[in-house]
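Let the hints inform the model, and build the full structure from the sequences given.
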Amino acid sequence: AVGRESKYRHVFGKQWRKEVAITNLKIKASGTTQIRTNGRFWAAPWETVGGALAVVPIEHAGKVKDSAPLLRAHQGSGNDILDFRFNPFHDNILATAARESTIKLWSIPDGGLSSDITDPVATLQGHKGRVNQLCFHPSVDNLLLSVAADKTQKLWDVEASNNILTFSGPEKEVQSVCWSEIGKYVASSCKDRNLRFYDPRASETPVHEVLAHEGLKGFE
Numbered sequence: 001a002v003g004r005e006s007k008y009r010h011v012f013g014k015q016w017r018k019e020v021a022i023t024n025l026k027i028k029a030s031g032t033t034q035i036r037t038n039g040r041f042w043a044a045p046w047e048t049v050g051g052a053l054a055v056v057p058i059e060h061a062g063k064v065k066d067s068a069p070l071l072r073a074h075q076g077s078g079n080d081i082l083d084f085r086f087n088p089f090h091d092n093i094l095a096t097a098a099r100e101s102t103i104k105l106w107s108i109p110d111g112g113l114s115s116d117i118t119d120p121v122a123t124l125q126g127h128k129g130r131v132n133q134l135c136f137h138p139s140v141d142n143l144l145l146s147v148a149a150d151k152t153q154k155l156w157d158v159e160a161s162n163n164i165l166t167f168s169g170p171e172k173e174v175q176s177v178c179w180s181e182i183g184k185y186v187a188s189s190c191k192d193r194n195l196r197f198y199d200p201r202a203s204e205t206p207v208h209e210v211l212a213h214e215g216l217k218g219f220e
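Going letter by letter, the sequence shown gives residues 1 to 220 in our numbering.
In short, the hints are calculated from the structure, not lab data.
Please note that the accuracy of each hint is not assured.
What the hints assert, rightly or not - Here are the simulated lysine-lysine pairs, DSSO-like style, with alpha carbons at most 30 Å apart:
1) Lys172 <-> Lys184
2) Lys18 <-> Lys28
3) Lys65 <-> Lys128
Stated by the list, open to error - Simulated DEER-style distance windows between Cβ atoms:
4) Ser114 <-> Asn162: 26 to 34 Å
5) Ser6 <-> His60: 35 to 43 Å
6) Asp199 <-> Arg17: 45 to 53 Å
7) Gln75 <-> Ser114: 36 to 44 Å
Glycine included, C-beta positions come from ideal geometry on N, C-alpha and C.
Next up, the structure:
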């Protein structure tokens, strides 16, 4: 019998020209997030002591210099960046989270980094464990959701540097969160295998909760 011929057999990849490629990347593999981008910059955790990011304008192609300036967000050996997010409403604003339990907000110069940056424009404090995930609201400016190993989910007004809501419900560590498409609801997964839905405008308690998986492990 003759097998069905693949429609991809004559499709070949083409390597980008060196002048439009980005090379000499030293991305640190210990965090959970490897690279993010927006309309102006790309950012990635860099192989160095502590939690640092390379933040580079997207039009800058070629080799990244070994001496490239870094956003040195979280100092100290082992204090790796666990997540980082660009503000969807402000291309130059970046939030970082790390093992030290703080969230920091950074302002990136229009042309990218010309020297190391060590001073954030704001620091959000309130979690008591490593901060694992950040998520900006998709349709409301300056609202940021965070998840930490202290089993809490917090909603922040980043402009005022205030924790405006702490969600309740989970007795085990929350593993991931996301906003609904227009930002009306928050969904979170937990090590207790439950999926919870919140309406932040109504209450800090879940509006709906369901056992999502019968297995022994949590899910994301």
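Status of the hints after comparison with the structure:
{"no.": "1", "hint": "Lys172 <-> Lys184", "result": "holds (24 Å)"}
{"no.": "2", "hint": "Lys18 <-> Lys28", "result": "holds (23 Å)"}
{"no.": "3", "hint": "Lys65 <-> Lys128", "result": "violated (37 Å)"}
{"no.": "4", "hint": "Ser114 <-> Asn162: 26 to 34 Å", "result": "holds (32 Å)"}
{"no.": "5", "hint": "Ser6 <-> His60: 35 to 43 Å", "result": "holds (38 Å)"}
{"no.": "6", "hint": "Asp199 <-> Arg17: 45 to 53 Å", "result": "holds (50 Å)"}
{"no.": "7", "hint": "Gln75 <-> Ser114: 36 to 44 Å", "result": "violated (20 Å)"}
Hints 3, 7 from the earlier list are contradicted by this structure; the remaining hints agree with it.
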